[in-house]
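As they're listed, the protein sequences go chains A and B.
Read in order, the letters of the first sequence correspond to residues 1 to 321 in the numbering used here.
Read in order, the letters of the second sequence correspond to residues 1 to 321 in the numbering used here.
Everything labelled a hint here was simulated from the structure, so no lab data went into it.
These numbers come from a predicted model, not from an experiment.
Fair warning: there could be bad hints in the mix.
Which copy is meant is left open, because identical chains are indistinguishable; a pair holds if it fits in one copy or across any two.
Said to hold, decoys possible - Simulated pairs of lysine to aspartate or glutamate, EDC-like, Cα-Cα distance not exceeding 20 Å:
#1 Lys97 to Asp29
#2 Lys97 to Asp83
#3 Lys22 to Asp149
#4 Lys14 to Asp209
#5 Lys97 to Asp209
#6 Lys22 to Glu139
#7 Lys84 to Asp100
#8 Lys131 to Glu243
#9 Lys22 to Asp263
#10 Lys234 to Asp263
#11 Lys250 to Asp274
#12 Lys290 to Glu279
#13 Lys14 to Glu279
#14 Lys97 to Glu151
#15 Lys22 to Glu159
#16 Lys97 to Asp149
There are 2 protein chains.
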Amino acid sequence: MQSFLELAQQFETKFNVRHFPKQPQTLYDAAQYILAIGGKRVRPVCVLMGNELFADINQDAWQVAAAIELFHNFSLIHDDIMDKAPLRRGMQTVHAKYGDATALLAGDVMFAQAYDYLTRIDLSYVQKIIKLFNQTSKEVCEGQQIDMDFEQMQNVGMEQYIQMITLKTSVLLAASLQLGAILGGAGEGNQQHIYSFGKNLGIAFQIQDDYLDAFGDPEKFGKQIGGDILSNKKTFLLLHALEVATANQKKEIDTLISTNPTDKVEKMLTIYKDCKVDEWAKELKEKYYKTALKNLADIAVLAIRKKPLYELAIYLMERES
Amino acid sequence: MQSFLELAQQFETKFNVRHFPKQPQTLYDAAQYILAIGGKRVRPVCVLMGNELFADINQDAWQVAAAIELFHNFSLIHDDIMDKAPLRRGMQTVHAKYGDATALLAGDVMFAQAYDYLTRIDLSYVQKIIKLFNQTSKEVCEGQQIDMDFEQMQNVGMEQYIQMITLKTSVLLAASLQLGAILGGAGEGNQQHIYSFGKNLGIAFQIQDDYLDAFGDPEKFGKQIGGDILSNKKTFLLLHALEVATANQKKEIDTLISTNPTDKVEKMLTIYKDCKVDEWAKELKEKYYKTALKNLADIAVLAIRKKPLYELAIYLMERES
Numbered sequence: 001m002q003s004f005l006e007l008a009q010q011f012e013t014k015f016n017v018r019h020f021p022k023q024p025q026t027l028y029d030a031a032q033y034i035l036a037i038g039g040k041r042v043r044p045v046c047v048l049m050g051n052e053l054f055a056d057i058n059q060d061a062w063q064v065a066a067a068i069e070l071f072h073n074f075s076l077i078h079d080d081i082m083d084k085a086p087l088r089r090g091m092q093t094v095h096a097k098y099g100d101a102t103a104l105l106a107g108d109v110m111f112a113q114a115y116d117y118l119t120r121i122d123l124s125y126v127q128k129i130i131k132l133f134n135q136t137s138k139e140v141c142e143g144q145q146i147d148m149d150f151e152q153m154q155n156v157g158m159e160q161y162i163q164m165i166t167l168k169t170s171v172l173l174a175a176s177l178q179l180g181a182i183l184g185g186a187g188e189g190n191q192q193h194i195y196s197f198g199k200n201l202g203i204a205f206q207i208q209d210d211y212l213d214a215f216g217d218p219e220k221f222g223k224q225i226g227g228d229i230l231s232n233k234k235t236f237l238l239l240h241a242l243e244v245a246t247a248n249q250k251k252e253i254d255t256l257i258s259t260n261p262t263d264k265v266e267k268m269l270t271i272y273k274d275c276k277v278d279e280w281a282k283e284l285k286e287k288y289y290k291t292a293l294k295n296l297a298d299i300a301v302l303a304i305r306k307k308p309l310y311e312l313a314i315y316l317m318e319r320e321s
Numbered sequence: 001m002q003s004f005l006e007l008a009q010q011f012e013t014k015f016n017v018r019h020f021p022k023q024p025q026t027l028y029d030a031a032q033y034i035l036a037i038g039g040k041r042v043r044p045v046c047v048l049m050g051n052e053l054f055a056d057i058n059q060d061a062w063q064v065a066a067a068i069e070l071f072h073n074f075s076l077i078h079d080d081i082m083d084k085a086p087l088r089r090g091m092q093t094v095h096a097k098y099g100d101a102t103a104l105l106a107g108d109v110m111f112a113q114a115y116d117y118l119t120r121i122d123l124s125y126v127q128k129i130i131k132l133f134n135q136t137s138k139e140v141c142e143g144q145q146i147d148m149d150f151e152q153m154q155n156v157g158m159e160q161y162i163q164m165i166t167l168k169t170s171v172l173l174a175a176s177l178q179l180g181a182i183l184g185g186a187g188e189g190n191q192q193h194i195y196s197f198g199k200n201l202g203i204a205f206q207i208q209d210d211y212l213d214a215f216g217d218p219e220k221f222g223k224q225i226g227g228d229i230l231s232n233k234k235t236f237l238l239l240h241a242l243e244v245a246t247a248n249q250k251k252e253i254d255t256l257i258s259t260n261p262t263d264k265v266e267k268m269l270t271i272y273k274d275c276k277v278d279e280w281a282k283e284l285k286e287k288y289y290k291t292a293l294k295n296l297a298d299i300a301v302l303a304i305r306k307k308p309l310y311e312l313a314i315y316l317m318e319r320e321s
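Pulled out of the complex, with its shape left as it was, chain A reads as follows:
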């Protein structure tokens, strides 16, 4: 059994090659650029960990892991175009550096290349693997669309929001683990448990993300505190505040959102604290985290095999940036 970091290192070594031809250079340099920026490689390593929970790592798991990382980067490129984001992991986004059109195409070829890796695996599970991958990729697109739809809506309910977050971010984590489990020979029941583990962990992770953006330690948090508040992003925190705020507080929130005063972050955080949004978010995170741990416990393999996944969950939940 190997830890997340051990597997991440091995994945990085194997993945750190050129995935595309040289020509046309404008296209493929753009595609390589985002891969070189890096990232924690959480999703591809989840493929490997999902596999190793049940059996030694199947050589095909490296192909599936690479496909997942390519898919993830494809969706980042396209999301950044849609969101007109200038920066990603502190670097210029692909469209900011290479233009919208090339970024769009670079995402497309990356998606095609992901399938290229998927079709290299053993015939016995190629259909099952690609089916789950397809379903997940459509769900990720749906999540992004629902997120954009929310921008136009006055009222977004908490359930709708959790559904959106699940599609936009959690299902990919969940599917990565299940894809690994399939390659490790897991039965249907165990596959469902590991999928649920990833899904609930993903939701808890997103709540943590929203929490840190508002209440994180500025010394440890890598980004500006209150970025979500400044950009009027609908987050778990804002939606809950709107649910529990008094009429006066609601009015103040609306004014802060529409007038963008210089002390917007400070004032919004005061309302959040008055509404106990911070405590609520911690509890909600705990709820999903505990469900995830229950899902992990339900998987029918020796507890010792679960150690790396358990440690990964702790690592993702206790991060401060």
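Once you've looked at the hints, dock chain B against the given chain A.
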């Protein structure tokens, strides 16, 4: 053996269903919208014809045909975003109607859905089919990128241009036929011949397209004559004119391109005719057309089986709009 039109009708009936779930509506309505606009369905029918050249139509051919049509529409949506095109087949483009972000995503889910259909086919050729599909989809993206690169270049050689056209439009026609041939049980040699037939026919078709845009009969041609000239598009005609024009003619072409006078189309056509660009284009088209027919002749099946493909070639080459 069925004709192109017979197969096109059957394809239309089977394809004319909703390919996506209802929700999120913004996303999937956009995806359905472009499919409903229609088109000649040349590529998916080529899958069916490529199959029927060698054997009765395999049920899987309908899945592959649907995948090809979804892929084609995915690439149209993304190309239209990149080209900022307001109209497609006389209707609003997807991004003009639904916004760039939704159009981008609608293309993405359509691409994923194409793979969904591909994975439903018999295991015995799923890898071979997806491999060719992947290679082709990457080539189509490359062609689009090279086309955009050309916009920034002063000098584009004829060979480079033919390479771009091959990638951007011909390989999909070629691959559609070969995919069908694989499903029909064709051997490697016959697969290569039918691929070459599609590739050369595609190039001839594009030359015809450029020719009609400049020299078509305004009564029969569905679009405005000279659209390519007005938009300074690098076409076969312009590239050849620049190759053979005198220094004075070259200067006049450059002036027309940079100053956009009201009589630009008329004046450019005069230069084209003085340079015999029309005759040259007809000859070039004939050259590729004849090579395509030679490729068709080389396929080792009874001549009578080739009749529908031969008629398709004539139909595509003799069109006036």
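*Can you give me the call for lysine 22 and glutamate 159, within, between, both or neither, at a CA distance of at most 20 Å?*
between (46 Å within a copy, 19 Å between copies)
_Reference check for the pair lysine 234 and aspartate 263, CA-CA at most 20 Å: within, between, both, or neither?_
Close inside one copy (19 Å), not across copies (54 Å); limit 20 Å.
*Between the shortest in-copy and the shortest cross-copy C-alpha distance, which are at most 20 Å for lysine 84 and aspartate 100: within, between, both, or neither?*
both (9 Å within a copy, 11 Å between copies)
*Go through the copies and call it for lysine 97 and aspartate 209: within, between, both or neither, with a Cα cutoff of 20 Å.*
For lysine 97 and aspartate 209, the Cα distance exceeds 20 Å both inside one copy (27 Å) and across copies (34 Å).
*Taking 20 Å as the upper bound on the Cα-Cα distance, should lysine 250 and aspartate 274 be classified as within, between, both, or neither?*
within (12 Å within a copy, 74 Å between copies)
*First find the shortest C-alpha distance between lysine 22 and aspartate 263 inside one copy, then the shortest across copies, and answer within, between, both or neither for a cut-off of 20 Å.*
Answer is neither; intra-copy 50 Å and inter-copy 43 Å both fail.
_Copy assignment of lysine 97 with aspartate 149, given that the CA separation must stay at most 20 Å_ = Close across copies (15 Å), not inside one copy (27 Å); limit 20 Å.
*Taking 20 Å as the upper bound on the Cα-Cα distance, should lysine 14 and aspartate 209 be classified as within, between, both, or neither?*
Neither: 29 Å inside a copy, 46 Å across copies.
*Up to 20 Å between alpha-carbons, please classify lysine 97 paired with aspartate 83: within, between, both or neither.*
both (15 Å within a copy, 19 Å between copies)
*Under a CA distance limit of 20 Å, which applies to lysine 290 and glutamate 279: within one copy, between copies, both, or neither?*
Within one copy only: 16 Å inside, 76 Å across.
_Checking an output row: lysine 22 and aspartate 149, CA cutoff 20 Å. Within, between, both or neither?_
between (38 Å within a copy, 15 Å between copies)
*Using 20 Å as the alpha carbon limit, work out where lysine 14 and glutamate 279 are close: within a copy, between copies, both or neither.*
Intra 42 Å, inter 55 Å, cutoff 20 Å: neither.
This entry does not satisfy hints 4, 5, 8, 9, 13, going by the numbered hints stated previously.
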